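Enquirer: Given the sequences, and given the hints that come with them, work out the whole structure.
Going down the list, the protein sequences come from chains L and F. Mapping the first sequence onto our numbering, position 95 (from 1) lands on 95, and the numbers just tick up by one. Numbering-wise, our numbering comes out as the position in the second sequence, counting from 1, plus 99.
Do not take every clue at face value.
As the list claims (entries may be wrong) - Derived Cβ-Cβ restraints for the label pairs, each shown as a range:
# : chain 1 : residue 1 : chain 2 : residue 2 : range
1 : L       : Met65     : F       : Ala104    : 21 to 29 angstroms
2 : F       : Met524    : L       : Cys70     : 39 to 47 angstroms
3 : F       : Gln173    : L       : Asn26     : 22 to 30 angstroms
To be verified - According to the in silico footprint, chain L covers these stretches of chain F (three or more CB under 8 angstroms from chain L):
# : segment
4 : 242-253
5 : 269-277
6 : 413-419
No lab work stands behind these hints, which were simulated from the structure alone. Quick caveat: nothing in here was measured; it's all calculated off a predicted structure. Just so it is clear, CB atoms sit at the ideal spot from N, CA and C, and this is done for glycine as well.
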Amino acid sequence: MNINWYLAVSALVFCIGAAGVLVRRNPLVILLCLELMLNAANLALIAFSRMHGNGDGQVFAVIVMVVAACEVCIGLGIVVAMYRRRLPIDVDEMRELHG
Amino acid sequence: MKHEAPNIDWAGLSPVIALLGGAIVVLLAGLLRSRLVRERAVPFLAIVAFGASLGLGIWQWGEDAQVFIAKGSQATLAFDELTLMVTFIVAVAGIATVLLSWRALAPREAAHGEFYALLLTSAAGMVAMAGAQNLVTLFLGLELLSVPLYVLCATEMRRERSLESGLKYLIIGSTGSAVFLYGLALIYGATGGTDLREIATGAAGEAGGDVLLLTGIGLTIVGLGFKASVAPFHQWTPDGYEGAPTPVTAFMAVATKAAAFGAMLRLLDVGLIDAQPDWAPLLAILATITIVVGNVGALGQSSLKRLLAWSSVAQAGYLLAGVVVASSLGVSATVFYLAVYTMMNLAAFAVIVARERETPWGDDIASVAGIGVSRPALAWPLTISMLSLAGLPATAGFIGKFYLIDAAVDGGYTWLGIVIVIGSMISLAYYLRVVAAMWMRAEVAAVSATAQPRLAGADPEAERPQWELYLVAIAAGAATIFFGVIPSPLFDLATAAGRSLGLL
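Expert: So this is what it looks like as structure tokens:
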């Protein structure tokens, strides 16, 4: 199969993720959209790895998965800390810092 | 197929091992029950780890160690002079940050061991990022530096602003990482390798024409721009800086910038050097936008941390000039300015921390009003720092800017040099406002309702100024003047770093 199809899907997923980060207001959904962006890159990496016939891209993709998990952990931790302080879980409501 | 373990140069890797080993020791020492151990020994151990990294870096100077060489490929980490200069900057910033946060609220809230362990881990990520010769290592270094910083921003968990700055930095920082990663994936696709030398060979044939490669370069620059707070990717900077605990802000401001620019220099000047005609104009335009946006944004700020955040955006623009030209002179100028920038900013942040503890004004400009009379030992370092950031002669900032403009003119970007000069002229307006407040206004005495209330549980002892804050402020201020008058020692180090990338 032509590599272009894989790249098209990957670019589409990346754009959906980026649009989600920009328009959604719930930090949890934003974290999901960040995952979409990272996984779009993973798809591209694996497709290229197959195209070039070397394993570098696959190794890269596995490492990205680990890193993505770490990022989400930190994000969820901060969301829980905000929830405990009864702060609104909505990025549009975060106006303490402005400018 | 038989796989052999890569050859690891332990001596070359030792600066990173000192940081990560230190993180583990600090984490374990933080578990001890004695209050004395937690509050005195843990910061001391963190300083020892940063100092060990600094010392091992000096020991490895000139060795050009190549670490992690797998069979048949290049080393993934290079400890050449550029990496070691970033190590020195990060270690000095780390020692200063530990001193600033010793009696601060943040480590008390987050537990001492964890706070300093995160700081050390982040520093290790910075060194790895600056030395990365492989896209995988580069991405890992970037994340290793970012993830602990997200947590550190949110460590004052009972303060709403700290949590908010942590979440904002996490979301925007992760978006930057994702864009950066997508760029790396496209570069890998276009050239077929993750190693910078392989990329350079792969890119040589098709520079200029390959859409995949050009898109990859663009996305990568955007991703690094997020980390180095280059406009228009700087929006997180003022909020992140203001909300984070001030010692953490100091570390974020200087060390992250050093690591991001170290990585940018290596990626662009080694891996993508043949595409320089494509990315140099783009970077030059970004530099111009950054200088204008940063300096104009700083004009109306009343919070010192926000002012320094906008000023750091402007400084990122000046630093980009050294990256644009892709010459050995440009690399030296960038490294020199990064070192100078570290000293200037540390002096300013030490004074801000001291005044935050003494006055109810937080980081508002009112907190430094009149300290020229009441606290000259704090007023002088802040004055030197502000004048140096503005680039007045006899300060290190002047030499650094002079060097950057020299590199820009030498590389055929004379107009960028002029933009730097104009930017510095605008910047005088807000830097001198701080100086005027210190020396010409009376101290604001009355406690007003707008002042931030002190959090319950804060150490009453922390309200008095402490010797370690004076030490950091005066040492950084003195270094700024010293390297402004006698720049040659730093100049020699920067020149060595400039030669290490093998550019003309």
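Enquirer: Run every hint past the structure and note whether it holds.
Expert: Consistency of the hints with the structure:
no.	hint	in the structure
1	Met65(L) x Ala104(F): 21 to 29 angstroms	23 angstroms, holds
2	Met524(F) x Cys70(L): 39 to 47 angstroms	44 angstroms, holds
3	Gln173(F) x Asn26(L): 22 to 30 angstroms	44 angstroms, violated
4	242-253	holds (count 5)
5	269-277	holds (count 6)
6	413-419	violated (count 0)
Of the numbered hints listed earlier, those contradicted by the structure are 3, 6.
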